[in-house]
Amino acid sequence: MNSKFKTLDLTLGAVFVVLMMIGANIAFWFPAFKITYASGEVPITLQTLFAILAGLLLGKKLGSFSMLVYLAVGIAGVPVFAEMSAGATALISPTGGFLLSFIFVAFISGYIVEKASEPKVNTYLLATFVGLMTNYLIGTPLMYLSLNYIAEIAISMKAAVISMVPFFIKDFIITLAMAVVLPQFVTRLTKAIPTLASRT
Amino acid sequence: MSSFIVGQYIPKESLIHRLDPRTKMMVVFLYVIIIFTAHSFLGYAVLACFACLSTALSLIPIKYITKGLKPVWWIIGITFILHLILTREGDVLFTVIGWPIHEGALIQAVEISMRFFLLILMTTILTLTTPPIAITDAVESLLKPFKKLKLPVHELALMMSISLRFIPTLMQEMDKISKAQASRGLDFRTGKLKDRMKAILPLLIPLFINAFRRAEDLAIAMEARGYQGGEGRSKFRELTYQTKDYLVFMFLIITIILFYLIEF
Numbered sequence: 036m037n038s039k040f041k042t043l044d045l046t047l048g049a050v051f052v053v054l055m056m057i058g059a060n061i062a063f064w065f066p067a068f069k070i071t072y073a074s075g076e077v078p079i080t081l082q083t084l085f086a087i088l089a090g091l092l093l094g095k096k097l098g099s100f101s102m103l104v105y106l107a108v109g110i111a112g113v114p115v116f117a118e119m120s121a122g123a124t125a126l127i128s129p130t131g132g133f134l135l136s137f138i139f140v141a142f143i144s145g146y147i148v149e150k151a152s153e154p155k156v157n158t159y160l161l162a163t164f165v166g167l168m169t170n171y172l173i174g175t176p177l178m179y180l181s182l183n184y185i186a187e188i189a190i191s192m193k194a195a196v197i198s199m200v201p202f203f204i205k206d207f208i209i210t211l212a213m214a215v216v217l218p219q220f221v222t223r224l225t226k227a228i229p230t231l232a233s234r235t
Numbered sequence: 508m509s510s511f512i513v514g515q516y517i518p519k520e521s522l523i524h525r526l527d528p529r530t531k532m533m534v535v536f537l538y539v540i541i542i543f544t545a546h547s548f549l550g551y552a553v554l555a556c557f558a559c560l561s562t563a564l565s566l567i568p569i570k571y572i573t574k575g576l577k578p579v580w581w582i583i584g585i586t587f588i589l590h591l592i593l594t595r596e597g598d599v600l601f602t603v604i605g606w607p608i609h610e611g612a613l614i615q616a617v618e619i620s621m622r623f624f625l626l627i628l629m630t631t632i633l634t635l636t637t638p639p640i641a642i643t644d645a646v647e648s649l650l651k652p653f654k655k656l657k658l659p660v661h662e663l664a665l666m667m668s669i670s671l672r673f674i675p676t677l678m679q680e681m682d683k684i685s686k687a688q689a690s691r692g693l694d695f696r697t698g699k700l701k702d703r704m705k706a707i708l709p710l711l712i713p714l715f716i717n718a719f720r721r722a723e724d725l726a727i728a729m730e731a732r733g734y735q736g737g738e739g740r741s742k743f744r745e746l747t748y749q750t751k752d753y754l755v756f757m758f759l760i761i762t763i764i765l766f767y768l769i770e771f
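Same order as they appear, the protein sequences are chains X and A.
36 is the number of the first residue of the first sequence in the working numbering; add one for each residue after it.
508 is the number of the first residue of the second sequence in the working numbering; add one for each residue after it.
No lab work stands behind these hints, which were simulated from the structure alone.
Worth double-checking, as some hints may not be accurate.
Unchecked claim - Covered, in the sense of this in silico footprint (three residues per stretch, anywhere, with C-beta under 8 angstroms from a C-beta of chain A), are these stretches of chain X:
id	stretch
1	51-57
2	135-149
3	160-168
4	180-188
C-beta: ideal position from N, C-alpha, C; glycine also.
Let the hints inform the model, and build the full structure from the sequences given.
Next up, the structure:
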């Protein structure tokens with residue numbers, strides 16, 4: 036990795052860490068963003084979407100690096116993870132793999148958009164979809180490993196995958212719904228912040 | 508929302524608080540590795556004593572520790588129950604509603620949930636006794652060797668401290684934006700889920716624009732003050748190891764030796 040980040044890169048990456056925190060806890064500010072099921076409430080998190088946005092807006096290198104910083108801030112004890120949790124335990128707990136995957140999510144979605152010479156709606160849809168797949172393809176096996184080797188609960192890979200299906204459907208709908216408005220989102224942002232336009 | 512405190516740090520005047528943050532991080536790191544090699548009750552007992560001693564020395568009221576453990580109680584609980592009912596080793600101790608509980612299952616359930624509990628206890632004590640900014644300094648100092656591998660360690664630490672500084676600012680901003688948009692008639696509390704999802708956009712766009720503007724301003728301010736990256740930069744807070752840090756390391760080594768004498 037080339038270690039030359041510009042000063043603006045550092046500050047942009049740092050504010051994105053805070054944006055990630057807000058995205059992960061959007062239901063904390065707005066109780067309206069909770070889906071009510073028969074049995075209880077599932078807060079919507081925009082974590083995966085924001086990780087994808089990190090790749091889209093900051094590029095693959097800075098985007099994935101800012102996700103690494105996000106994890107580091109969380110490990111340092113600042114409640115930046117979903118449901119205002121923090122600490123190294125968040126990483127080794129069964130869902131920790133999903134947190135780790137954000138680094139790769141940002142990298143891959145950034146890579147896809149950087150490859151495209153002129154990003155269109157389809158590019159954003161593809162980047163978002165691949166990003167979401169990365170999230171689950173890394174998160175689920177790591178959940179399996181965490182359950183088997185840290186909690187020593189013998190669970191089969193198949194059971195681990197099946198247990199994630201409802202969450203995947205929820206994230207899939209939210210993330211793809213947002214992907215449709217992404218081009219508009221990105222244009223409005225780059226219009227307001229010209230320095231961003233030169234990056235993506 | 509104003510009562511929300513960033514970080515879990517509880518200021519106190521204790522030995523654990525005054526230790527070098529690097530010492531605390533290394534102790535916790537070694538402890539986490541060692542606990543996975545524990546296989547006997549006595550081994551766990553030695554490690555539990557170490558954790559209890561650190562808790563007692565930190566002078567942190569128990570209620571803060573239980574608060575820190577709150578999100579993970581269910582993991583410990585589920586682990587305990589699953590091991591208890593799924594493991595079939597040793598003699599049957601008793602039956603609960605027709606389900607036999609084996610001796611091996613009880614031992615395993617206690618051991619594994621003990622492991623989880625101790626892991627979480629030690630990491631919680633670290634974050635309760637160390638302010639995030641001190642952890643950031645420690646991360647930069649401990650990761651220094653990785654600079655040779657071209658890992659941007661200084662940048663990592665700097666970005667961590669910048670984001671710590673921006674957390675309260677942007678949270679306030681989020682509050683203001685939501686009130687400003689509500690006063691313009693944005694409704695994100697009622698209606699269908701689809702409409703509520705759409706209402707996120709008028710919140711997110713100003714938030715992102717605001718955040719990135721702040722980032723630009725900060726970058727300009729930093730460069731105007733001559734920021735040129737990590738090379739040759741001096742520090743405001745210098746970390747130094749003191750006698751108590753060496754004593755803690757010695758105590759940890761004695762614990763580890765005792766632990767391995769018992770285990771093997």
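When the structure is checked against the list of hints, which entries are broken? Sort them ascending.
2, 3
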